[in-house]
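Asker: As a plain string of letters, each chain reads:
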Amino acid sequence: MTDLGRYDYSAITRRKPLTMPGNARIAVFVVPNVEYLEWLPPPNPQRAPYAGPVPNVQAFQPRDYGNRVALWRLFELFDDLGIRATASMNAAVFEHFPRIAEEMAKRDWDYQSHGLYNTRFALGMDEATERELIDTVINIVRKSTGKTISGWLGPALTTTTRTPDLLAEAGVKYWADMFHDDEPTELKVAKGRLISLPYSFEVNSGVALGGQAQTAEAFGRFITDQFDMLYEEGATAPKVMAICLHPFAVTAPSRIKYLRQALEYILGHSGVWQATAGDIADWYYANHYGRRLLSAAADAA
Amino acid sequence: MSDFAPNYNQVVVDPVTRMDHGLYTFSPLPDRPKLVWPNGAAVAMSVVVNVDYGDLVTSPLNLVGYTYRDYGPRVGAFRLMGILDVLGLKATMPISDVLLTEAPALVEDALARGWEFVGHGAKVNQAVTSALSETDERAYLLASATAIEAATGKRPRGWLGPNGSESARTTQLLADLGYDYTLDWGNDDQPYDFHVPNGRLSALPYSFDTSDANVIQAQSHTPWEFEAVLEDHLETLIRDGERSGMVMTLGLQAHVSGQPLRAKYIRSFLQKAQASGKVWFATTGEIVDAWRPQT
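Heads up: the protein sequence lines correspond to chains A and B, in order. Position 166 (the first sequence) corresponds to 166 in our numbering; numbering is contiguous. Position 122 (the second sequence) corresponds to 122 in our numbering; numbering is contiguous.
These are calculated hints, taken from the structure and not from any lab test. By construction, the Cβ of each residue, glycine as well, lies at the ideal position given by its N, Cα and C atoms. It is possible that part of the hints are untrue.
Claimed, not checked - Here are the computed distance ranges between Cβ atoms for each label pair: (1) Asp31(B) to Gln61(A): 55 to 63 Å; (2) Gly290(A) to Glu149(B): 34 to 42 Å; (3) Tyr65(A) to Gln219(B): 22 to 30 Å.
Claimed, not checked - Restricting the straight-line Cα-Cα distance to at most 30 Å, the calculated cross-link-like pairs of lysine-lysine (BS3-like) are: (4) Lys257(A) to Lys264(B); (5) Lys188(A) to Lys123(B); (6) Lys16(A) to Lys264(B); (7) Lys90(B) to Lys16(A); (8) Lys154(B) to Lys123(B); (9) Lys188(A) to Lys16(A).
Put together the whole structure using the sequences plus the hints.
Answerer: Shown next as structure tokens:
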């Protein structure tokens with residue numbers, strides 16, 4: 001069996017339910033992925049940055065539209081709804097566009113690394129290069145916003161087998177590249193500690209509006225359907241829900257109203273803890289880390 | 001000199017099966033005897049919950065795919081189980097051999113509910129193909145039966161290849177090893193038998209149209225579109241089933257249909273199917289048992 005070796009098997013029904021601030025049924029964190037695809041990216045040994053020849057003007061544009069236009073619409077929408085987001089940053093965006101860092105810092109957002117550029121993959125990185133990537137990102141975000149990243153999502157979801165060890169060593173609180181659970185998971189790392197927060201492949205505009213080619217209306221319903229089921233289950237065992245967004249995809253003129261409707265629907269419920277990913281990681285470490293006992297029922301069995 | 005083989009324009013019909021192979025005999029729907037299901041149901045339905053294990057690929061590292069699939073035995077299977085419990089339904093569970101020991105809570109809970117375990121190969125990325133020698137394939141098919149018997153105390157009666165894969169000789173090997181039926185074939189709405197030298201092997205319909213691997217993953221339909229497909233499928237089978245009993249298998253993967261946004265619609269479909277009063281819910285083995293005496 002070729003195993004990841006970072007967590008043990010655990011059936012969700014065998015765990016003691018999480019307890020959340022204000023006895024919330026669900027913690028919801030909203031993650032806009034603010035990305036930059038390079039015009040002429042350097043090569044990666046394992047994956048080509050674009051499917052065809054470079055430059056690729058059509059592939060380059062959507063993220064650039066995101067940074068020029070769509071993100072600014074998203075700021076306005078989130079201000080209106082009172083959402084504090086966790087920005088998943090291609091850190092190079094802050095170097096290129098300090099105006100974006102300024103606007104996020106003004107709102108005291110939470111930051112998650114999404115690498116340097118979405119065209120610089122971690123695939124095949126040696127240890128020294130990966131360490132350098134992590135340090136570079138941490139430094140850029142700190143310099144641009146005054147804050148330290150709370151978590152890590154690999155650039156274009158790419159990682160290496162040693163990523164979690166290096167993240168723990170660098171003091172990163174959580175890792176978001178895993179899709180195996182609806183609750184945080186404690187990970188085995190060489191030194192220090194690290195948890196994974198549930199990221200989502202379903203409630204993810206990159207997947208739903210990209211590869212699956214769903215309409216924005218359908219994606220809005222994905223968000224509320226996911227919420228409905230987790231909220232229902234959260235009455236007895238609270239859950240964590242990520243809403244993974246790409247501004248260029250979700251706040252385009254034809255699409256923004258569906259995102260607004262979905263978020264308004266969620267925020268209209270009681271027992272919803274709209275937090276940042278960093279808040280959720282802090283809460284988990286303070287209240288549950290190392291103490292996820294089996295449920296009473298499982299103990300008795 | 002032609003690039004085409006000399007028989008390229010020839011038609012060769014197996015005189016017994018009417019097919020281009022000898023696996024089973026062609027059988028047009030109206031020519032069959034009437035099937036009757038328990039309680040006079042028009043449709044026999046089984047809910048099939050696949051729980052798969054797949055290896056972590058390290059170059060390039062496939063962390064996303066690995067952890068996404070691992071949602072099944074940790075979370076998704078239990079969500080579907082909770083839904084079926086409320087409705088009082090049992091499922092059939094094709095499960096990768098690896099999980100029989102690696103996911104003990106799942107095995108325990110499925111056993112406690114009387115779910116039917118189905119052989120599904122060691123892991124999803126280890127397919128059954130004609131590249132395997134007969135000896136190796138036989139050992140591979142047998143290993144699942146042995147592993148399920150060790151974990152549950154009962155030998156499995158059914159088989160579903162990892163990713164639905166089969167070689168040219170899988171059906172005869174399955175029969176030889178004592179399997180009663182396979183879910184690899186979705187070419188019918190009723191069970192039928194294969195021609196095998198030893199034992200007896202039946203096909204239980206496992207339709208593309210009612211499988212999340214096809215409707216959700218391959219066709220990219222939404223969860224509510226999947227529900228609509230299932231409702232439409234059932235509506236026609238109920239109508240046809242007034243003449244002769246039909247079979248519907250709901251082909252779910254724990255890591256796909258067990259996701260919150262999809263489970264909601266699976267529940268809703270099953271509630272409607274139950275409310276129709278025309279459906280007999282059974283495990284796949286129970287359907288085979290209700291069908292065989294009628295042949």
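Asker: Output the numbers, in ascending order, of every earlier hint that fails for this structure.
Answerer: none
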